[in-house]
Amino acid sequence: MKRFFLLLLLMFFLCPAFTQDLTGIWRGNFYAGAPPFQQYYKYEVQIDQLNNNSIKGVTYSYRTTVFYGKATFEGIWFPKTESALIKELKLVELKMAGNSEACAMTCNLEYSKQDGKEILSGTFTSINVNSKTDCGSGTVYLERVQESDFHKEDFLLKKKPSAPSPQDRIGPRPSSKNTVITSNTKKLQSALGVPADGKAGPKTMAALRKKLPGYNDEPDFNDTDAINKLIDRIKKTNSSATVKTPSPANDISKANAKRLQTALGVPADGVAGPKTIAALKNKLPGFKERLDVTNTNQVNDLINRIKKADAIAKNKMPAHPSAPKPDTVVKTQPPAKAPEVIPEKIKIPVPEVIKTRSNPLIRTIVTNQPDIKIELYDNGDIDGDTITVYHNNEVIAWKKGLTDKPVTINVKADAGNTMHEFVMVADNLGSIPPNTALMIITTGGKRYQLFVSSDKQKNARVVVEYQP
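If you use mature numbering (1 follows the signal peptide of the UniProt record, and there is no 0), the sequence shown corresponds to residues -19 to -1, 1 to 449, in order.
Calculated from the structure, these hints are not laboratory results.
Please read these numbers as outputs of a predicted model, since none were measured by experiment.
Honestly, I wouldn't trust all of these hints.
Claimed, not checked - 20 Å max Cα-Cα, derived SDA-like pairs, lysine to any residue:
hint : residue 1 : residue 2
1    : K239      : N285
2    : K262      : A244
3    : K37       : Q95
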């Protein structure tokens, strides 16, 4: 029995230590910020692991393969804890849209292996490469893949594949129930955008129910298939979500009420209450409709009618002018030129494609300059997306294909036409649904970068309000 023990001990010391080779391509995503303003990006890391467990390579941070940032990095692999530290050092390529700024990331990642997939997941911090200020933090999730979204680096093309370890030849190393639960919890936390600590506490459950309001079950973290399905639901929710502004219906109602109150000469508090209604009926005695400040077309029509009524009242002479006193010389003045009367705007019928689909508001922009420039790019792989754009219910771009070159639209506002509503309609969904676009709006010396999405049930709506 003693000999058997010594033989086992000798075999233990002679057996080479197992170390994981990270060399290859890892691709996934990272989430920056906190809900509801959380931002999603794709992330690709190409790793070259050296013999001393140091690692180096390149990273790609991108939404599309047209607009991206490429950086070099160095780091270290810790075999005992099966974790890696990656620190981006220098930006070597930068193709960005709008006024975006580049940030360098430092990632703390843990290795796991589930269902035949190799995974690196964890958290990151970042700093602005120019100002060195904090860019925020978030979560990272990567899986080992064979092909790059860009191109393989030379160190991957030249490096020979390492021989499989004894564990790999036998099969994946067995993991305990606790390891499976921890790994599944981290995957779910990364998808939710909360710290991936592997512990499903109150914060994780609150984030899950906020992301999926109808989900009231307790997830089984020991069931990998169930967790993967739950993550797929979260990803679908993320991909279909648009950039939300707080209470968009209230925002446009308040803006319309203020414009109407200014035209009526009452305090512009944005609340169309009894005083506003009374002033409106006093100004327009024939008005018997229901005032709907969410209806921009109705508000524009009322403002034009108020301006017309004011112009007529200003130009009206007294009905019975008093006779001049005797011996008073009456100076004859040329008749005053009547002010220009702005004609009432003709209402344009709402197109069927806008009537029959939902039209969520992406953003309301206020400008003091009349020139409005819109540029539209494909926000993803160029896959044949085509769109039609309506401006105040009129077509201004018909079945335009989205590529890495902009579809450019120029609109000029004026005092009689201050509200400009742009609706992007998907003509098709391309080969990768939905139809997504990068919209850059330039007006008043500022650039606004929006990511918009539309499909056969939903359009995308942006409002630009001109306030001279």
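Verification of the supplied hints:
1. Only pairs whose Cα atoms come within 20 Å are accepted, and K239 paired with N285 is accepted, the gap being roughly 15 Å.
2. Using a Cα cut-off of 20 Å, the hinted pair K262 and A244 holds, with the two alpha carbons roughly 13 Å apart.
3. Between the alpha carbons of K37 and Q95 the distance comes to roughly 25 Å, so the proposed pair goes past 20 Å and is violated.
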